[in-house]
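Protein chains: 2
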Amino acid sequence: MHTILRGKTKEVIIGIDKPFVIIGEKLNPTGIKKLGIALVEQKFDYVKMLALRQVAWGADVLDVNVGHPQIEEALVMPMVVEAVMSVVDVPLCIDSNDPLILEAGLKVAWGKPLVNSVNGEEKQLSTVLPIVKEYGAAVIGMAIDQEGIPATAEGRLAAAARVIERAVQIGIPIEDIIIDPLVMTVGHNSMAATVTLKSIELIRKEFGVNMSLGASNVSFGLPDRHSVNSTFLALAMQAGVTTSITDPIKLGSSLKATDLLLGRDANSIRYLKYFRATAKLKVEEAAAKEAPASGAA
Amino acid sequence: MHTILRGKTKEVIIGIDKPFVIIGEKLNPTGIKKLGIALVEQKFDYVKMLALRQVAWGADVLDVNVGHPQIEEALVMPMVVEAVMSVVDVPLCIDSNDPLILEAGLKVAWGKPLVNSVNGEEKQLSTVLPIVKEYGAAVIGMAIDQEGIPATAEGRLAAAARVIERAVQIGIPIEDIIIDPLVMTVGHNSMAATVTLKSIELIRKEFGVNMSLGASNVSFGLPDRHSVNSTFLALAMQAGVTTSITDPIKLGSSLKATDLLLGRDANSIRYLKYFRATAKLKVEEAAAKEAPASGAA
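Here the protein sequences line up with chains A and B, keeping their order.
Residue numbering for the first sequence follows the working numbering, starting at 1 and increasing by one per position.
Residue numbering for the second sequence follows the working numbering, starting at 1 and increasing by one per position.
So here's chain A without its partners, still in its complex pose (with noise of 0.2 Å):
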């Protein structure tokens, strides 16, 4: 099952048979407090920037989250989206669980975008996928039910049929939507990770549709968080997982490799490009890094 995502010329597929498709996670003022001042100020360079390295680094679509307690999100929403958009030419991702920033977003938002996201709870899915119908976006439906994250993967494959059925009643194509199965604290709970591993499974048996998986929170509170995420995602990619709302530059070259192992990239061509091309970014950085530092010295 192929989910295309669209930007003004570019266009993305999603799907088993296909790399493995990086939503940039960075736009989100959440944990980057330099992001928080600049929305509140509503100066776009550093939205601009943000969206521009994460291309650079190997992003094949931008999530865009404008989520602050000093933000009105409806108002800056399609300001970012126009900042990114004046920069890059990749589908976005937009991010809100409220029906109008969503809305908000997906007006001004190019080609076929995605929605991130839609829950089980029935007031999510009453309002939020009648606009990612309305805009003929995909969404992101995660496997939560009324009762929060179901424990089993029995429980989480309930709670996706769910979203997908109501999803599908409206009147969006079935592969327009894509699944997150969850993944909770595997340092809170041993069996987290197992559990998800197995949903993934269930899910993709059932209904072979794509699957997302936002991988850091998996590691919350362990140290070295880079080999439980990047090991993770690669279990999670072998199990039917084909994209993930992520950052490019931490977990971009794990991301490639695992697609080449997994007989995705023909004579390691997108492997071999994506070293180079970070090879290349990762010295140009440091240039950059040095000197405004030298001139303020």
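I should point out that these hints are in silico values taken from the structure, not numbers from a laboratory.
It is possible that part of the hints are untrue.
Unchecked claim - Listed next, the stretches of chain B that the computed footprint assigns to chain A, with coverage defined by at least 3 CB atoms under 8 Å from CB atoms of chain A: (1) 19–31; (2) 166–177; (3) 254–260; (4) 264–271.
For glycine and all other residues, C-beta sits at the position ideal for the given N, C-alpha and C.
Based on the hints, put chain B in the right spot on chain A.
Same frame as chain A, now just chain B:
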């Protein structure tokens, strides 16, 4: 199925329900010039250091290989085994394809060692297996037949079956046979890793035996080999590989992370312990590296 190895007092259990077993690969003069010189000169301090360092970094078993053009291996193997046993108490893996050298090592090795390796060629089967049986060792059987490494997963299953059948025939318990499904270089053949992963699944389903994989071959010729090796071992572990002859210093953290993700590390105890121990080692090794340099200046 559990393969039990023993050092003087230390026991190591290899099994799908157990933490992954790391067999330290560094006691091998191929690629470590300094070790080659030390072995030629029969000076074993460097051997002892490599043994201690690998165990400190998480090796559960130590591979011992003395292959070098200027070394009489049957003479030097027992010396190296004795040197290793004088400083650590882990099971050993006696590594040669020559029955005389294997026997020279097995004669002096304590407990229950592992033999690396036998393959499916008639000459190997008929000379190596009786020695394994005589010394009550376990053995790594490579999925190689008379014509070399089979190109398909089915071919490797058949090669593995041949080794297992012959070993069992002469009285080696099936739990003491560890199959190496082999991996070729993914840079030369984009399907190299997927063939191995499929072989692992077939062999596990058919025989349920433990499996070992030398991971570094998969990334030969590629840049950023660490990303390829670490994600490949994660995929192989998910498929059913339970041990690897590898570098604990480079791959220990991602192997421990994968154990954690696969639900084999209750409360992250082993992961956290490994992180703390190796963080301390990094500091100590950096300090030791500085010390002689400033002394020499």
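So, going through the hints one by one against the coordinates:
1. 19–31: violated (count 0)
2. 166–177: The restraint on the region 166–177 of chain B is violated, since only 0 of its residues have a Cβ under 8 Å from chain A and three are required.
3. 254–260: holds (count 5)
4. 264–271: holds (count 5)
Checked against the numbered hints given earlier, the structure breaks hints 1 and 2 and satisfies all the rest.
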